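Trainee: Kindly generate the complete structure, drawing on both the sequences and the hints.
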Amino acid sequence: MGAQDSFHSIKIDEQRCIGCVTCMHACPVKAIRIRNGKASVFKHDLCIDCGECLRVCPVQAVQSMTSKVVELTQFKIKVALPSPVLYAQYSDATTPNDILLALHKLGFDHVYDMALSCEMVLIAMEEYLNRMTDVRPIISNYCPAVVRLILKNYPNLMDRVIPIEVPREVAAKQIRKSLAAEMNVDPTEIGIFHLTPCPAKLISIQKPIGVERSNLDDAIAIRDIYIPLLNALKEVGDEDLILQKSSGVGISWATSRSNVGGLPQHRSLTVRGLEEVIHILDQVEAGKLTDIDYLECAACPGGCVGGPLVVQNRHVATAHVDTLIEQYGVRTRLDRRKILRSYEENYLIPGLHRKTRAVSNEQVDLVKALEIMNQVEETIGRLPGMNCGACGAPDCRTLAEDIAAGDAVLTDCVFMKIKELEDEVEGHRRKS
Amino acid sequence: MPPGATSKGIVLAETADARFRKLFSIEGGNFQAAGSVSKQIKMILKQLSIDNDLIWRAMIVAYEAEMNAVLYASSCEVTLSVSTRCVSLQFKDRGPGIPDIGLAMTEGYSTATREMRERGFGAGLGLPNMKKTADRFHIESVVGEGTTLQMELDLP
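For the protein sequence lines, the chains are A and B, in the order given.
Position 158, counted from 1, in the first sequence is what the working numbering calls 962; the numbers after and before it change by one each time, with no gaps.
Position 156, counted from 1, in the second sequence is what the working numbering calls 798; the numbers after and before it change by one each time, with no gaps.
It is worth saying that the hints were derived from the structure and are not from the lab.
Only true hints are included.
SDA-like, lysine to any residue: derived pairs with alpha carbons at most 25 Å apart:
(1) Lys681(B) <-> Arg940(A)
(2) Lys688(B) <-> Ile1176(A)
(3) Lys734(B) <-> Gly670(B)
(4) Lys688(B) <-> Asn1178(A)
(5) Lys834(A) <-> Trp698(B)
(6) Lys664(B) <-> Thr1183(A)
For each label pair, taking beta carbons as the anchor points, the in silico distance ranges come out as:
(7) Asp1227(A) <-> Leu665(B): 26 to 36 Å
(8) Pro741(B) <-> Asp1227(A): 53 to 63 Å
(9) Thr1215(A) <-> Gln682(B): 21 to 31 Å
(10) Gly762(B) <-> Arg935(A): 21 to 31 Å
(11) Gly1133(A) <-> Gly762(B): 29 to 39 Å
(12) Arg1141(A) <-> Pro741(B): 57 to 67 Å
(13) Thr877(A) <-> Gly762(B): 52 to 62 Å
(14) His848(A) <-> Lys664(B): 22 to 32 Å
(15) Asp896(A) <-> Ala675(B): 40 to 50 Å
(16) Gly1231(A) <-> Asn771(B): 54 to 64 Å
(17) Gln682(B) <-> Asp849(A): 20 to 30 Å
Everything numeric in this text was worked out from a predicted model, so none of it was measured.
C-beta atoms are modelled at their ideal positions from N, C-alpha and C, and glycine is treated no differently.
Mentor: As structure tokens, this is what we get:
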């Protein structure tokens, strides 16, 4: 921990930032403040790495901490694990196989159809839902932003987050083991990279929850690989090598729809977009939606195809995914029994709930906290209630909280400052 | 007290024990705002670093009470009171009132209309659930005037 606490998957470039309050208002957890005309993630603990700030910044001052392709030279063997979202970034004429072949040409020694891992995980998920029947709804875990949202704002629901490894981790673990043996290298000499539609996947690799370390090494943004890949695609002809092993079942995960061809005996509900997810989690916390078996939550509108680091318009990408599902069918080619044989070893995350339950509030002086809360309410009464953001806090209530915490003063509010100056002028007038 | 009303010794009715108090209003029939009061209550309890389990139980009872107010009452005044010993919630509404409280507290009994059931309500578990979840639960009602719910959750 320590210095790592303030590491996030995004970074605000002070040179480019114009202090316009857009990112501050877009942040769903109010982690951003504007100080001295520049935005920063002031409340580190609140940030859930959803990337909304990156998405809305009008001057691209918010940057992703994912790596560029050229930075990957430290590993002897480089493996690409592309999100199925990548399959929908190009024209309809480009097949998933073309994309996997083109990635080879970019310098990746090994390329893996991660959509197949999605199909494996789906089988494991179904097994979990069959075994664990007394908690409903069970909540998805593959969106790192949603997991962090639950951990911080809905800690009581952490028990419901499905403790099954996510596809990228399942794939990375298997690949590292088999490649190390096959190529006779040390496992640490293999670099496994996720090609991601969002910065949140990076944080799940650098600062994972519930496990010691990720099986992946780093992530590359889809938008940073788009052009090199486009050029490499031109060199892909009619090759015999078939790298795609997935069906529409795995590819559908690009639009965050894991119930395509899976979970036939369970009722699932899919919610996309953070505001919507927050709304639905409020319901779950209040004891509702118990007739839903599996609740799939994705932070981005439209699912992963709507991530902040993609290139293709998400509606076009969704149509493309639908075409791929039709083309490659809704039946997995995997042998269910084979997957289930390694259920405990490869898919179940042991003790996840136990480990994450520890994130509770430290001992706090309640008497002091109640006093502060009264101060906050009193201050709110004095503030104009416009939530304009000019003070550097996203809304008046948050400014009142910041003032009580000693991070701001009343005259940070422009209207309070004006009043103070007016009173001063009036005071001078009276004297003369 | 009307027959059938339950009372297990309310600690904070309108006492000076409460170090923090806040009032909210619920508008009957306003589904758009439904849930916003329980959400605000959650924010406050979270800011106070109140035990997570208590916040969860407070949410269950507050949401249930808020939805009842939206579904049945014309308006409802909510008071959140916090002392060093417990969190107290009072929902005092203006509405039709409950003629037979004993019946209303029976699991499975529901007066939900067809429209309400279509929206997912009407399992008949709201009031019994609140009583089970809170540490202390008190209900009284006058037909033609309204219903008052008082619930308390003890801090660990």
